[in-house]
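Student: Letter by letter, the sequence shown follows residues 1 to 202 of the working numbering.
There's no promise every hint is true.
[Stated by the list, open to error] Derived CB-CB ranges, DEER-like:
1) D82 with K187: 12 to 22 Å
2) I147 with D59: 31 to 41 Å
3) Y87 with P48: 39 to 49 Å
4) G131 with G54: 22 to 32 Å
5) H83 with G131: 15 to 25 Å
6) S104 with V56: 19 to 29 Å
7) V88 with E58: 23 to 33 Å
8) V8 with L103: 14 to 24 Å
9) V110 with L176: 24 to 34 Å
10) V8 with I147: 17 to 27 Å
11) S55 with D191: 22 to 32 Å
12) D82 with H4: 38 to 48 Å
No lab work stands behind these hints, which were simulated from the structure alone.
Computed from a predicted structure; not experimentally measured.
Each residue gets a CB set at the ideal place from its N, CA and C atoms; glycine is no exception.
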Amino acid sequence: MNDHFITVGNIALCLVALLNAQRLFKVHRAPAVGFFLVACSAGLSALPSSPLLGSVREDLQWVAEVLGPAMVSFGFLWLSDDHSTAYVLLTGLALLSTLTDWLSRDGLTVMSRCMALSSLSCSLTVCLFAGNILGVLGSVALSLPAIVALNSTSPLVPPEAAGGVLKSVLIGTTALGCWSIRQSLEKYFQDLQGWDRNNILT
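Starting from the given sequences, assemble the full structure and let the hints guide the process.
Tutor: Here's what the structure looks like:
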């Protein structure tokens, strides 16, 4: 029964993330790419298990959990004109992606959590200063899978205590986070355009 809920949740997450990627492409391409990665991972996870898809699915899930939220944070930073921090975040992301083959599984989990927390802190800083509550909630929800890291050898919550229920909850929270982030980015973009118009008029 849990597997059924997980499959349905992944399909829903895939659709929500794809819609986000399409809607946010005109706002900023970085979040659109991040949501496209989330959609690809969720879509692949919804397919029946097979040895061929196993390693690809695991790699893509890591990409979606770590790179997806980081690209969203990059978008928030860029729109807020904090380009230097955005580039630092992108550099850290590139370094982590390069070192994945050199790190142990536990080391990769620790570094992935550090990257997830860094991305989250960047998004939270922008959203809190802008008074964007949806952005705060969405950023936390989108970062949870990488922080909890159920598929690692050192998950934050032990698998025996988590079961399939926590995985279903994480998928649901990620879908809600995707929706919240889209709403917050669109609102933030509209607010910035409004401020620019007011500055021109004054």
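Student: With reference to the structure, classify each hint as holding or not holding.
Tutor: Okay, the hints, checked on the actual structure:
1. Between D82 and K187 the Cβ separation comes to about 18 Å, which falls inside the hinted range of 12 to 22 Å.
2. At about 19 Å, the beta-carbon gap between I147 and D59 misses the expected band of 31 to 41 Å.
3. One distance hint, 39 to 49 Å for the beta-carbon pair Y87 and P48, holds here, with the actual separation near 41 Å.
4. Judged by the Cβ atoms, the range 22 to 32 Å given for G131 and G54 is violated: they are separated by roughly 44 Å.
5. Distance hint check: the CB atoms of H83 and G131 are about 22 Å apart, consistent with the given range 15 to 25 Å.
6. Between S104 and V56 the C-beta distance comes to about 21 Å, which sits within the given range of 19 to 29 Å.
7. Distance hint check: the CB atoms of V88 and E58 are about 28 Å apart, consistent with the given range 23 to 33 Å.
8. At about 34 Å, the CB distance of V8 to L103 disagrees with the hint of 14 to 24 Å.
9. Distance hint for V110 and L176: a CB-CB separation of about 27 Å, consistent with the stated range 24 to 34 Å.
10. For the pair V8 and I147, the supplied restraint of 17 to 27 Å holds, since their beta-carbon distance comes to about 24 Å.
11. Between S55 and D191 the beta carbon distance is about 43 Å. The supplied range of 22 to 32 Å is therefore violated.
12. Between D82 and H4 the beta carbons are some 43 Å apart, a value that agrees with the proposed interval 38 to 48 Å.
In the structure shown, a violation is registered for the earlier hints numbered 2, 4, 8, 11, in ascending order.
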